[in-house]
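Chains as they are written, first to last, in the working numbering: chain A, 7 to 122; chain B, 6 to 120.
Please keep in mind that the hints were generated in silico from the structure rather than gathered at the bench.
Possibly wrong hints are sitting among the right ones.
[To be verified] In silico lysine-lysine, DSSO-like type, Cα no more than 27 angstroms apart, as pairs:
id	chain 1	residue 1	chain 2	residue 2
1	A	K21	A	K77
2	A	K50	B	K83
3	A	K50	B	K119
[What the hints assert, rightly or not] Covered stretches of chain B, going by a simulated chain A footprint (3 or more residues, C-beta under 8 angstroms):
id	segment
4	49-56
5	64-74
C-beta atoms are modelled at their ideal positions from N, C-alpha and C, and glycine is treated no differently.
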Amino acid sequence: EAGVAQSPRYKIIEKRQSVAFWCNPISGHATLYWYQQILGQGPKLLIQFQNNGVVDDSQLPKDRFSAERLKGVDSTLKIQPAKLEDSAVYLCASSLGFGTGIDTQYFGPGTRLTVL
Amino acid sequence: AQTVTQSQPEMSVQEAETVTLSCTYDTSESDYYLFWYKQPPSRQMILVIRQEAYKQQNATENRFSVNFQKAAKSFSLKISDSQLGDAAMYFCACSLMEYGNKLVFGAGTILRVKS
């Protein structure tokens, strides 16, 4: 079974530029999550989708971050304009979804973003 | 709000020996799940073990086991017969059904394995 796919693996940009990350979840997983992991810290949830609807985006800096999940499968996370403090690893995870008991999240390899 | 605390920034263990990583959490909810994830330098977050809060029996997965103390809100991970491949950052995490099962992570513990 294929895991969660993410691209690109690495991205270096100048501050004020824009960047986009892509995630393809495990087939059949209804729930998709984007986490931000700053060096030396645990991941922090940015946004959670159930199918193509947003469940939780309370910690998403909406003035510069946006995310979408078209057709309830792939998802894109965008930052525009980027700031130095956005340098982090962006992790995508997916899970089967609600009503499935213990809902384990499976993670992709992450995208390391460096903002100069 | 839930919080997860890992008080050991770094731990070391000799190959073939046993090590225990500590984790405490705080939540007022009754329905929650607890997880340990491993993150090697490659960054891929890998599930190690999981525990439903309503289950009294401690979870076990081969060399990995947990000591779940619900009243004390403690969820420690024991790794037996440590191997070089166990070296990684270990994260404890908690999810609440009430809040869409989003994971709240601790700050992590770096585990070094000495040969």
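**Request:** Examine the segment 64-74 of chain B: at least three residues should have C-beta closer than 8 angstroms to a C-beta of chain A.
**Result:** That given contact is violated, which follows from only 0 residues of the segment 64-74 of chain B lying within Cβ reach (below 8 angstroms) of chain A.
**Message:** What's the verdict on K21(A) and K77(A), does the C-alpha distance respect the 27 angstroms limit or exceed it?
**Reply:** violated (31 angstroms)
**Request:** Decide if the proposed pair is consistent with the structure: K50(A) and K83(B), CA atoms, cutoff 27 angstroms inclusive.
**Result:** Answer holds: K50(A) to K83(B) is near 25 angstroms, not above 27 angstroms.
**Request:** State whether the coverage of the segment 49-56 of chain B by chain A holds or is violated, taking the criterion as 3 or more residues with Cβ-Cβ distances under 8 angstroms.
**Result:** holds (count 5)
**Message:** K50(A) and K119(B) were given as a pair; does the straight-line alpha-carbon distance stay at or below 27 angstroms?
**Reply:** Cα-Cα ~31 angstroms, so violated.
In summary, the structure is inconsistent with hints 1, 3, 5 from the numbered list given earlier, while agreeing with the others.
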